[in-house]
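Peer 1: From first to last, the protein sequence lines are chains A and B. Residue numbers for the first sequence follow the numbering used here, beginning at 69 and rising by one. Residue numbers for the second sequence follow the numbering used here, beginning at 69 and rising by one.
For the record, the hints were derived by calculation from the structure and aren't laboratory data. Keep in mind that a hint or two might mislead.
Each computed SDA-like pair below joins lysine to any residue, with the alpha-carbon atoms no more than 25 Å apart [what the hints assert, rightly or not]:
1. B/K207 <-> B/V230
2. B/K459 <-> A/P294
3. B/K265 <-> A/L189
4. B/K355 <-> B/E318
5. A/K207 <-> B/Q395
6. A/K315 <-> B/M291
7. B/K251 <-> A/H287
8. B/K375 <-> B/T569
9. A/K207 <-> B/T569
10. A/K207 <-> B/S386
11. A/K315 <-> B/S331
Protein chains: 2
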Amino acid sequence: MLDKAPAAQITNWLKSFAAALDKGDIDAAMDLFQDECYWRDLLTFTWNIKTMEGKTAIAAMLRATLGSAKPSGWSLTEEVSVNGDKVEGWFTFETAVAHGLGVVRLVDGRCHTLFTSMTDLAGFEERKGATRPLGVVHKADPDRETWSEARAREERDLGSTVQPYCLIIGGGQGGMALGARLKRLGVPTIIVEKNPKAGDSWRNRYRTLVLHDPVWYDHMPYMPFPEHWPVFTPKDQMGDWLEMYAKVMELNYWTSTTCTGASWDADKKAWTVELDRDGEKVVLQPKQLVFATGAYGPPRWIDLPGKDQFKGEIIHSSQYTAGDDFQGKKVAVIGAASSGHDVSVDLWESGADVTMIQRAPTTVVKSDTLMEMGFEIYSEAAVARGLTTEKADYLSASIPFATQAPIQKALYDRIRKRDADFYNRLSASGFAIDFGPDETGLMMKAYRTGSGYYIDVGASDLIIDGKVKVKSGVDIETLTPGGVRFTDGDERPFDVIILCTGYESMHETVAEIIDRETADSVGPCWGVGSGVRNDPGPWQGELRNMWKPTAHEALWFHGGNLALSRFYSKFLALQLKARMEGVETPVYQRPS
Amino acid sequence: MLDKAPAAQITNWLKSFAAALDKGDIDAAMDLFQDECYWRDLLTFTWNIKTMEGKTAIAAMLRATLGSAKPSGWSLTEEVSVNGDKVEGWFTFETAVAHGLGVVRLVDGRCHTLFTSMTDLAGFEERKGATRPLGVVHKADPDRETWSEARAREERDLGSTVQPYCLIIGGGQGGMALGARLKRLGVPTIIVEKNPKAGDSWRNRYRTLVLHDPVWYDHMPYMPFPEHWPVFTPKDQMGDWLEMYAKVMELNYWTSTTCTGASWDADKKAWTVELDRDGEKVVLQPKQLVFATGAYGPPRWIDLPGKDQFKGEIIHSSQYTAGDDFQGKKVAVIGAASSGHDVSVDLWESGADVTMIQRAPTTVVKSDTLMEMGFEIYSEAAVARGLTTEKADYLSASIPFATQAPIQKALYDRIRKRDADFYNRLSASGFAIDFGPDETGLMMKAYRTGSGYYIDVGASDLIIDGKVKVKSGVDIETLTPGGVRFTDGDERPFDVIILCTGYESMHETVAEIIDRETADSVGPCWGVGSGVRNDPGPWQGELRNMWKPTAHEALWFHGGNLALSRFYSKFLALQLKARMEGVETPVYQRPS
Numbered sequence: 069m070l071d072k073a074p075a076a077q078i079t080n081w082l083k084s085f086a087a088a089l090d091k092g093d094i095d096a097a098m099d100l101f102q103d104e105c106y107w108r109d110l111l112t113f114t115w116n117i118k119t120m121e122g123k124t125a126i127a128a129m130l131r132a133t134l135g136s137a138k139p140s141g142w143s144l145t146e147e148v149s150v151n152g153d154k155v156e157g158w159f160t161f162e163t164a165v166a167h168g169l170g171v172v173r174l175v176d177g178r179c180h181t182l183f184t185s186m187t188d189l190a191g192f193e194e195r196k197g198a199t200r201p202l203g204v205v206h207k208a209d210p211d212r213e214t215w216s217e218a219r220a221r222e223e224r225d226l227g228s229t230v231q232p233y234c235l236i237i238g239g240g241q242g243g244m245a246l247g248a249r250l251k252r253l254g255v256p257t258i259i260v261e262k263n264p265k266a267g268d269s270w271r272n273r274y275r276t277l278v279l280h281d282p283v284w285y286d287h288m289p290y291m292p293f294p295e296h297w298p299v300f301t302p303k304d305q306m307g308d309w310l311e312m313y314a315k316v317m318e319l320n321y322w323t324s325t326t327c328t329g330a331s332w333d334a335d336k337k338a339w340t341v342e343l344d345r346d347g348e349k350v351v352l353q354p355k356q357l358v359f360a361t362g363a364y365g366p367p368r369w370i371d372l373p374g375k376d377q378f379k380g381e382i383i384h385s386s387q388y389t390a391g392d393d394f395q396g397k398k399v400a401v402i403g404a405a406s407s408g409h410d411v412s413v414d415l416w417e418s419g420a421d422v423t424m425i426q427r428a429p430t431t432v433v434k435s436d437t438l439m440e441m442g443f444e445i446y447s448e449a450a451v452a453r454g455l456t457t458e459k460a461d462y463l464s465a466s467i468p469f470a471t472q473a474p475i476q477k478a479l480y481d482r483i484r485k486r487d488a489d490f491y492n493r494l495s496a497s498g499f500a501i502d503f504g505p506d507e508t509g510l511m512m513k514a515y516r517t518g519s520g521y522y523i524d525v526g527a528s529d530l531i532i533d534g535k536v537k538v539k540s541g542v543d544i545e546t547l548t549p550g551g552v553r554f555t556d557g558d559e560r561p562f563d564v565i566i567l568c569t570g571y572e573s574m575h576e577t578v579a580e581i582i583d584r585e586t587a588d589s590v591g592p593c594w595g596v597g598s599g600v601r602n603d604p605g606p607w608q609g610e611l612r613n614m615w616k617p618t619a620h621e622a623l624w625f626h627g628g629n630l631a632l633s634r635f636y637s638k639f640l641a642l643q644l645k646a647r648m649e650g651v652e653t654p655v656y657q658r659p660s
Numbered sequence: 069m070l071d072k073a074p075a076a077q078i079t080n081w082l083k084s085f086a087a088a089l090d091k092g093d094i095d096a097a098m099d100l101f102q103d104e105c106y107w108r109d110l111l112t113f114t115w116n117i118k119t120m121e122g123k124t125a126i127a128a129m130l131r132a133t134l135g136s137a138k139p140s141g142w143s144l145t146e147e148v149s150v151n152g153d154k155v156e157g158w159f160t161f162e163t164a165v166a167h168g169l170g171v172v173r174l175v176d177g178r179c180h181t182l183f184t185s186m187t188d189l190a191g192f193e194e195r196k197g198a199t200r201p202l203g204v205v206h207k208a209d210p211d212r213e214t215w216s217e218a219r220a221r222e223e224r225d226l227g228s229t230v231q232p233y234c235l236i237i238g239g240g241q242g243g244m245a246l247g248a249r250l251k252r253l254g255v256p257t258i259i260v261e262k263n264p265k266a267g268d269s270w271r272n273r274y275r276t277l278v279l280h281d282p283v284w285y286d287h288m289p290y291m292p293f294p295e296h297w298p299v300f301t302p303k304d305q306m307g308d309w310l311e312m313y314a315k316v317m318e319l320n321y322w323t324s325t326t327c328t329g330a331s332w333d334a335d336k337k338a339w340t341v342e343l344d345r346d347g348e349k350v351v352l353q354p355k356q357l358v359f360a361t362g363a364y365g366p367p368r369w370i371d372l373p374g375k376d377q378f379k380g381e382i383i384h385s386s387q388y389t390a391g392d393d394f395q396g397k398k399v400a401v402i403g404a405a406s407s408g409h410d411v412s413v414d415l416w417e418s419g420a421d422v423t424m425i426q427r428a429p430t431t432v433v434k435s436d437t438l439m440e441m442g443f444e445i446y447s448e449a450a451v452a453r454g455l456t457t458e459k460a461d462y463l464s465a466s467i468p469f470a471t472q473a474p475i476q477k478a479l480y481d482r483i484r485k486r487d488a489d490f491y492n493r494l495s496a497s498g499f500a501i502d503f504g505p506d507e508t509g510l511m512m513k514a515y516r517t518g519s520g521y522y523i524d525v526g527a528s529d530l531i532i533d534g535k536v537k538v539k540s541g542v543d544i545e546t547l548t549p550g551g552v553r554f555t556d557g558d559e560r561p562f563d564v565i566i567l568c569t570g571y572e573s574m575h576e577t578v579a580e581i582i583d584r585e586t587a588d589s590v591g592p593c594w595g596v597g598s599g600v601r602n603d604p605g606p607w608q609g610e611l612r613n614m615w616k617p618t619a620h621e622a623l624w625f626h627g628g629n630l631a632l633s634r635f636y637s638k639f640l641a642l643q644l645k646a647r648m649e650g651v652e653t654p655v656y657q658r659p660s
């Protein structure tokens, strides 16, 4: 089919594919795929977030789901584009219960990657634009309830006389994005947040923090940042924005509230959740429980030999807010990823004597370089040519994890060449650089383990210039009363040790709130099972346990950076809404 | 030139016009205009908001301004469109100091209306999109000031150790829109607001109020309402939105602050403004003083004969918040425009016995009808075809006031026909309807006097059904101890009289704060000098004193509904910025 125009290739493929599925002819459908092929589905066929790799997996999925999905109405929506040997087409379709959006990429006329995703549940579409509510009944009515009265009633009754359908633990950007989507879908939801104000999870972080990702990547759903917003949002500005967001989106957001326990009643199909709401004990019975307690779980404390004899202070980076207290002190920063670098800069700016203790090599990429080469689809230039953040999200999601490694490797080959001088100087300082075991760089590290990388916004120059010292390539033998002795015999004095050692998996929070058994039955969150250290196997080709059914009924995880929270909150919200409305949601390959 | 394609007509016209202006050949330029012609300029030639009507006025303006404006770079920006006998083209151009945007409409190849407006001052363009600030310096720096530290410093110093360049009296949507634009332009500004919280000017109004204009017409600058926002915003939701807006836009917004006096020092070219800031006396020395104290001025109290003997309560609609206090009482509502209708509905819903006393006929139009026929360019359908709110604003502004009357008359002819049955029933109730002295309807009343109309959102049915009684066509002879006696001898008992009699001109607020002499030297605000009662003459063809230089140096008025505040705040902000930066701003025909 190579001689055909790209548009005709896509049209013919979609027509043939639709016809095969209409007839339930899975063999005919399989003839339309390359031998190496991938189908990533977000809910439409699988009610799961799932990538089928290869024809066998795809055929098995179709056999299991085609009868219930009943796809139809496949229709091209955009101009077909060509990229190398791939022809790309965007389309919409319908299932028995939902509207769908998809992307197909053909090589030699056959499908290499197929992406299908649910945009709305039929009959429960979000009201916006032309279908937005009127806001008022244009008729005099003695029983009229105003907007503020209705809102006050909801805040008064929900969690008291009315049970929420869904409870979200954690009110950072993840909980808020999901809460906003559920609000728009009419799912009664309470978000509980331990801090006194929405946005405090950002405000409480160290003084000089700014987002490391650019503004086009960081929008919240429904309310994009305005056009004058800075490229990199400072953390307090982000905190204020989120506080505003909770209010404008009319979230039922309980501040100063901690979740002290939760248990599942399999007969009643409901949770019993115990809360401490600003000192008052409250028990709720939601049908669905979402952990949105951070991209990762509790702070990770590593074992430090000789810790008891150390006379100085040891804190975790999550407890670090400002360097003022450390002026003139000798500080060891253990860990050389993002927080290790940011904390080191903040300490140096405050006049501390900083040594970064690097336990494993780090992927470093200069912010400018990453912006220009890695964030091309999230940029002002992209927006200018019609590639909105929403469309960029779909584009990103349409590329299966399994095919991303070579793309990322090629990107980092270019980055290493471009910034060779920078990397040489950084290496010369004694700092250990890597680009992952397969040279695929930052993004793959983020997906696999969520650790081991730094987007350079100034720390690397401090290291190169020797202003922040680095101790790398050796282990800590023991803490001494006055500092650290390393396995190479080197002994250094420190007043303070700051652990920038990251966080545990989110399922450890489940152990804290529910119990160990439930946590273990669900297993770790995040990682794709790549085989890389700290990425739990086996291979899943998807982020483990995130935004989709887990091994435990009615127990969900939500999180990720701003971009992933924004995009996947949509699909978690659709899953919850469908369950509330009694829509059939047969999950293909639920974990057990 | 009739045989030429529309695009060629516009291209040729613009080329000839540019050539004539380049040569300073005003006669040649005038040959390019119809005998009936209009040129509306927002700042680019005139540093004023000015419509030149006819060739003589246009030629005079060009003779006065061409030397300083130095226009160049005329360039078509959009597809040319045809509407009846008119061919319309949009273009950009440059002046000696600014970038401009314009619209020209040709009839038979010659200009009927020309619109020119300033979009940015050259060298002082607003930073947004690709030129937005980075938000962080990517370099370690011991003297780093964070976003929140810089913001706290600004709030602490401005008005204390640092004088604001501009002071805005009034923090409703007008003051905020202007304040936001000045903030983006880097003009140090303080907004003073008498209420304790931003948004209270809406919250304090009567319980059931919703905006009468639809959402597409009501966006604030920089931060449009999200897509799910209701068509008609309830007043408390508007209040919350504005409170959020003041914070997100980082306005220096002083709540609980009243302006107790102001005087101009002509030598120092500065104001001395006395403020009561939450009980503390503060004196500021701004260079520019803007009155943004409401679309209109202080409440208008009318003279009621026999007022002293009336034993009941008399209040103005500005004091009315909720009907609860009036349950079971006999209430006279004096005035039959927007507030008269809204207050009547609220009273009836609260169980009061309401009589509306109509002193003059009212223009009534059903909300649905107005949305469909009058707000076509501000609608979801318009947005869908690319006519954004911003573009619709320019489109509206490009039509000179002098040419609007026949357009509006034709619209109201259609509206009267469509809703004939409604108007017949409303008339039959005894309510007096008009469409203005020249049958031009609501919008022209709004521009001319800002009074005498009602967008029906439910009150008219109450009147038709007799649930709200109407007394129309007779004067009040006197109040009696227990009610009102009319000139037709009819006497009715009332417990309460509510004056829905509107507001004085904004210049009365100047008299209160500065002095009577200054107020009188500036004269009334609003109105176009149409000759209609309450529209002060002579003919101006522009809204009097609004958003442009007044007879008093450094004294400005800002106001209008949300749409006018949004659009004209841009031009007022540019005038203030230019003065701050020392850009030459020769005003053509400043009032004296």
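Peer 1: All the hints need checking, so say for each whether the structure fits it.
Peer 2: So, going through the hints one by one against the coordinates:
1. B/K207 <-> B/V230: Violated. B/K207 to B/V230 sits at ~29 Å, over the 25 Å cutoff.
2. B/K459 <-> A/P294: holds (18 Å)
3. B/K265 <-> A/L189: Violated - the C-alpha atoms of A/L189 and B/K265 are around 40 Å apart, more than 25 Å.
4. B/K355 <-> B/E318: Holds, because 21 Å separates the two Cα atoms, which is no more than 25 Å.
5. A/K207 <-> B/Q395: Holds. A/K207 to B/Q395 sits at ~19 Å (cutoff 25 Å).
6. A/K315 <-> B/M291: The given pair, whose Cα atoms are some 15 Å apart, holds under the 25 Å limit.
7. B/K251 <-> A/H287: holds (22 Å)
8. B/K375 <-> B/T569: This hinted pair holds, its Cα atoms lying about 16 Å apart.
9. A/K207 <-> B/T569: holds (24 Å)
10. A/K207 <-> B/S386: holds (23 Å)
11. A/K315 <-> B/S331: Not OK: A/K315 and B/S331 at ~41 Å, beyond 25 Å, violated.
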